[in-house]
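Trainee: If you're matching them up, the sequences are chains H and S in order. The first sequence lines up with residues 15 to 774 when you count with the numbering used here. The second sequence lines up with residues 15 to 328 when you count with the numbering used here.
No lab work stands behind these hints: they were computed from the structure. A hint or two may mislead.
To be verified - Partial selection, computed: residues in chain S whose CB lies under 10 angstroms from chain H:
1) A17
2) F20
3) W145
4) R147
5) K296
6) N300
7) D306
8) Y307
9) Q310
10) G317
11) N321
Nothing here was measured: the structure is a model prediction, and the numbers come from that model. In this text, a Cβ means the ideal position worked out from N, Cα and C, and glycines have one as well.
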Amino acid sequence: MDREYTIIGTRMTRTDSLAKVTGRASFTADLKLPRMLCAKVLRSPHPHAKILNIDTSKALRLPGVRAVVTAADAHGVKWGVFRYTQDHPMIAVDRVRYVGEDVAGVAAVDEETAMEALDLIQVDYEPLPAVFDPEEAMKEGAPLIHEEYPNNVNIHVHIEVGKVDEAFARAHLVREDTFHAPGEAYSTLEPYAVVASYANGYLDLWVPNAGPHVRAKALSNLLKMPLNKVRVRRINVGGHFGSRSEVSPGDLVTSLLAIKSGCPVKLVLTREENATCTRQVHDIKATIKTGVNKDGTITAKEFRVVYDGGAYSSTGPIATSIPYYVYEEAYRFPNVRYDGYRVITNKGIRGMYGCHGRAFLGGNEMQLDMIARELGMDPMEIRIKNGLKVGEETATKSVIISGGLEEPIRLAAAKANWAERRAGLKEGEGIGMGCVAVMCGFPMGFRSGSACYVKLNDDGQATIVTGICDTGMGNESMAIQIASEVLGIPVEDINLVNADTEATNLDPGAYSQAASFVGGNAVKRACEEAKRQILSFAAAKMNHPVEDLDLKDRTVVSKTDPLKKMPMRWIVREAFFQGKPIAATGAYMPKIDFQREWVKNPYGQMAGTYSFGCSVAQVTVDRETGQIRVPYFVAAHDCGNPINTMAVEGQMEGSVLQAGVAVLAEETRWSQGWLLNPDLLEYKVPLACDMPEIEPVIVRSNDPEGPFGAKEGGLTTRMNAYSAVVCAAHNALGVPLNEFPLTPDRVLKALNAAKSGGES
Amino acid sequence: MIASKFEFRSPKDVEEAVRLYREFEGEAVYLSGGTDLVPRMKLGLEKPKVVIDLKRIASLTTVEDQGDWIRIGALARIFDLKQNDIVRGEFPALEASLEGTSCESLQMRGTIGGNLLQNSRCLFYNQSEFWRRSKGFCLKMGGESCNAVPGAKTCFANYCSDNATALCTLSAEIELSGPDGTRRVNLEGLYSNKAERPFEIQPGEILTAIFLPKMRSVGGYEKLRVRGAIDYPLLGVAFSFVDGTGKLAVGAVGPRPYVVEIKQPFRDTVGEAVETVLKQVKPVGNTVLDPDYRKQMIPVLAGRLVNKVMEGAK
Ligand SMILES: Cc1cc2nc3c(=O)[nH]c(=O)nc-3n(C[C@H](O)[C@H](O)[C@H](O)COP(=O)(O)OP(=O)(O)OC[C@H]3O[C@@H](n4cnc5c(N)ncnc54)[C@H](O)[C@@H]3O)c2cc1C
Numbered sequence: 015m016d017r018e019y020t021i022i023g024t025r026m027t028r029t030d031s032l033a034k035v036t037g038r039a040s041f042t043a044d045l046k047l048p049r050m051l052c053a054k055v056l057r058s059p060h061p062h063a064k065i066l067n068i069d070t071s072k073a074l075r076l077p078g079v080r081a082v083v084t085a086a087d088a089h090g091v092k093w094g095v096f097r098y099t100q101d102h103p104m105i106a107v108d109r110v111r112y113v114g115e116d117v118a119g120v121a122a123v124d125e126e127t128a129m130e131a132l133d134l135i136q137v138d139y140e141p142l143p144a145v146f147d148p149e150e151a152m153k154e155g156a157p158l159i160h161e162e163y164p165n166n167v168n169i170h171v172h173i174e175v176g177k178v179d180e181a182f183a184r185a186h187l188v189r190e191d192t193f194h195a196p197g198e199a200y201s202t203l204e205p206y207a208v209v210a211s212y213a214n215g216y217l218d219l220w221v222p223n224a225g226p227h228v229r230a231k232a233l234s235n236l237l238k239m240p241l242n243k244v245r246v247r248r249i250n251v252g253g254h255f256g257s258r259s260e261v262s263p264g265d266l267v268t269s270l271l272a273i274k275s276g277c278p279v280k281l282v283l284t285r286e287e288n289a290t291c292t293r294q295v296h297d298i299k300a301t302i303k304t305g306v307n308k309d310g311t312i313t314a315k316e317f318r319v320v321y322d323g324g325a326y327s328s329t330g331p332i333a334t335s336i337p338y339y340v341y342e343e344a345y346r347f348p349n350v351r352y353d354g355y356r357v358i359t360n361k362g363i364r365g366m367y368g369c370h371g372r373a374f375l376g377g378n379e380m381q382l383d384m385i386a387r388e389l390g391m392d393p394m395e396i397r398i399k400n401g402l403k404v405g406e407e408t409a410t411k412s413v414i415i416s417g418g419l420e421e422p423i424r425l426a427a428a429k430a431n432w433a434e435r436r437a438g439l440k441e442g443e444g445i446g447m448g449c450v451a452v453m454c455g456f457p458m459g460f461r462s463g464s465a466c467y468v469k470l471n472d473d474g475q476a477t478i479v480t481g482i483c484d485t486g487m488g489n490e491s492m493a494i495q496i497a498s499e500v501l502g503i504p505v506e507d508i509n510l511v512n513a514d515t516e517a518t519n520l521d522p523g524a525y526s527q528a529a530s531f532v533g534g535n536a537v538k539r540a541c542e543e544a545k546r547q548i549l550s551f552a553a554a555k556m557n558h559p560v561e562d563l564d565l566k567d568r569t570v571v572s573k574t575d576p577l578k579k580m581p582m583r584w585i586v587r588e589a590f591f592q593g594k595p596i597a598a599t600g601a602y603m604p605k606i607d608f609q610r611e612w613v614k615n616p617y618g619q620m621a622g623t624y625s626f627g628c629s630v631a632q633v634t635v636d637r638e639t640g641q642i643r644v645p646y647f648v649a650a651h652d653c654g655n656p657i658n659t660m661a662v663e664g665q666m667e668g669s670v671l672q673a674g675v676a677v678l679a680e681e682t683r684w685s686q687g688w689l690l691n692p693d694l695l696e697y698k699v700p701l702a703c704d705m706p707e708i709e710p711v712i713v714r715s716n717d718p719e720g721p722f723g724a725k726e727g728g729l730t731t732r733m734n735a736y737s738a739v740v741c742a743a744h745n746a747l748g749v750p751l752n753e754f755p756l757t758p759d760r761v762l763k764a765l766n767a768a769k770s771g772g773e774s
Numbered sequence: 015m016i017a018s019k020f021e022f023r024s025p026k027d028v029e030e031a032v033r034l035y036r037e038f039e040g041e042a043v044y045l046s047g048g049t050d051l052v053p054r055m056k057l058g059l060e061k062p063k064v065v066i067d068l069k070r071i072a073s074l075t076t077v078e079d080q081g082d083w084i085r086i087g088a089l090a091r092i093f094d095l096k097q098n099d100i101v102r103g104e105f106p107a108l109e110a111s112l113e114g115t116s117c118e119s120l121q122m123r124g125t126i127g128g129n130l131l132q133n134s135r136c137l138f139y140n141q142s143e144f145w146r147r148s149k150g151f152c153l154k155m156g157g158e159s160c161n162a163v164p165g166a167k168t169c170f171a172n173y174c175s176d177n178a179t180a181l182c183t184l185s186a187e188i189e190l191s192g193p194d195g196t197r198r199v200n201l202e203g204l205y206s207n208k209a210e211r212p213f214e215i216q217p218g219e220i221l222t223a224i225f226l227p228k229m230r231s232v233g234g235y236e237k238l239r240v241r242g243a244i245d246y247p248l249l250g251v252a253f254s255f256v257d258g259t260g261k262l263a264v265g266a267v268g269p270r271p272y273v274v275e276i277k278q279p280f281r282d283t284v285g286e287a288v289e290t291v292l293k294q295v296k297p298v299g300n301t302v303l304d305p306d307y308r309k310q311m312i313p314v315l316a317g318r319l320v321n322k323v324m325e326g327a328k
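Use the sequences and the hints to build the structure in full.
Mentor: Rendered as structure tokens:
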């Protein structure tokens, strides 16, 4: 069979893999610059307190200390993704709101001296009453953590579509359930680190980030520096999952120390600091009410979701919305009311997560199974019935342009032998299905688009310059592969300059699933323009019609006459001769409704396209111990078209771990404002031995907008693997499981509760 | 980073090690595999001035058949021991607990002696200096009361050695050499029953060997943990059956393993034995699963284990 593409869709070894698996790739903490100092941060020991006074004089007198910074050195600018959420000074000014909050920074000649200096900074605190539970925090009389948020409600997202109450009144069956899941940790293998260097009015930064342009903009605001003077440089990133999206307090502290000391400064957080002082994942409690017709058609949905937001806003409105959106993007809701409350508490800062919304998504899907059971329907049937199809709109008015939910469900079910497997289950076994659909990109104003430059070098090789950022998922390799396909040169002929705000142009970054769909599109367009230039020179030089020419194996070839060809580098050199070197720009702006806003106007086209996915998990449950195992897992993901099949499968497999198996074990544990498991021993990331046999199924919907039909590489699995496992557990046990993660103690509790309540 | 600077010494025999200890009395610690000690030093729970490495003392690493007794050198590595023919042949409960200890890469460093002498653990204690200082010191750190059970005047840290639990069912004895000479005691005599300082051991004493009566046993070990490897036990239950008598031990739910002898037929007596243990244990919320659940699992795991072992013995 003739392949449609040369390299797109192959199982190519990612261009970054060799350096990473041989330990030769450097990360921020590996960087060494001449005269570099070591930074340490003094942190709040109180969950909530007034700062009465900070005295740094003794620390400054310690030999070896080169700079100490406090909020007095900052510029009084607060961080927040939106104007209405700017509440985080990044270095505490007169109040601390969580244990671990940044209070002062020290730069010294070595780590020991910096640590000693921290002990010499005298901070006088007046402890204030604190609140840790979001429902408590919302009550009248609870300690107010920010003056501007009455009842500590930071964000309220209200969505209302159709006639919800009427629809419930008419529904054949209505169910209401509440699900709760504590927060999670991102558990990036790379602890957070920052290197900052300041010279000649320019600040250079190396920091794990998911979008250098957005990061530089945030820092230029915080530092009151012109944007062109803040340069975020490319560096390998050891994991992200949402945790590296936003500017972090360490960025500001390290930058100020570099500016003040005149030396490069490096801050490397400990594992504990990485868990408590960079962002964490929201604790979520979701009350879900669903009304259906006799035939299982969902007629009404109502949600009340409370998010524990920690001490500051961060991505507040986005985090308060995403779990709902990835659900309405999968299913048809003619009438729906969503109330999401993000509540401030005296706990660490929280952000977006690749698997954000475990209680919400797992809860919805488990409830759907309960309904299906009451109606005598197969869980697959009820999902297909309610799944969105191409051409339909989501409840909040986004049109689906490719895919749809049915195909991933059918393919996952076929791979898993759904019907036979279900029929053949033994005592203590269960099987479950979870679905979701995910936006590729979302409204970020003019930063929603991406631009790429490409130049052809005199040896016929190419340099592509793009803002695309790779936090570990293979985005760099993806960009190179796209360029290779279009330009007809092997990947080793392509130099990539990326994620460096000085050299590259705007790009939305490695979140919101925009890298392939938006950034990849820009790379493709730039390379296509370069190709047009090459072919038009070649047509003249070869005296051959341009329509019949193509690029292949570093050669300009005729599509019809195999003898007609010329090395590409001859053409490139010819172009230099004529003073018109091959250089091109390409850009892509997704078709989004920019009037859409997270709180004020949550309606309109949210993203350029949507990926759909379905996971199927099989579990075994030990009814005496409550222990659950996941021996088998199928993940079907509609990535549009895989650019690198192996990379997409890798993302899906990682997602099965991070969501699917994690829902048995991962949770942050707290004692008031203190995180009890800020490590990788007592925070239970599943291990290799806990992993199931995984069958990844790639679904191809060939998106009309995406580059080579591509959408995104695996996020639906990351957001529905939870659901598949909790639904399978519910299938095995036949009792509601409202508390996640499904640790054995919770499972036994649910079994006992059902026994005494006599209900299922 | 280890915040406190220390000197490192590598004596070649036990006498020299003890002499070094006395030279730096109060400021020295012994090091075997370091898999318990080094994490403690990183957290600032231990700030020795001198670290005395025992790994160079060759005589401490061997396993010997001494006729009536099997002598296991305290420095034998968990990984080597679980593959040792004598262990596999005679002491299945120990083989199973060794296999269940952390994970293979740690088993390759960790020693059996270090395993027995690992400090007790608590989510409120095994934390960084910043964490502990900001929360306020607990009993085990020299504070006024417990942080896991606020206000309590007892320490509830758990002693989490998998292998101590198994060794107790095998009537193990241990040999200690210190400034005052060498002594041999029952393994059960090692424990103080006080979680904040779990061992009855004199300053400077080195655990040199573990002795097991050479009698073929049947037995096993059941471990409760969240993940399939690495995790410390949240509960460990061991059972060995030697020469007509059974011994059941329950670990990781208090400052020591709880050991009960049981007579045949076990079907009737195991419940009673478990009751004896249940009366003594008070798990609290200082590790990752619910304390009531951990307690509930004692009869479940014990019942299963005894059945499994006796089925296998038929
Ligand atoms: C991630 C992780 C998971 C773990 N999981 C488990 C588990 O599942 N089960 C389990 O039982 N353990 C577990 N451990 C603890 C530890 O790895 C093992 O107990 C190991 O066997 C300890 O042996 P070691 O030689 O490394 O001890 P070391 O750290 O060298 O020593 C432990 C203590 O004993 C003292 N000491 C050591 N040898 C002697 C001696 N001969 N005489 C006198 N004092 C001595 C040391 O001073 C120190 O206080 C885990 C550890 C880690 C880091």
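Trainee: Going through the numbered hints above, which ones does this structure break? Give me the numbers in ascending order.
Mentor: 2, 5 and 11
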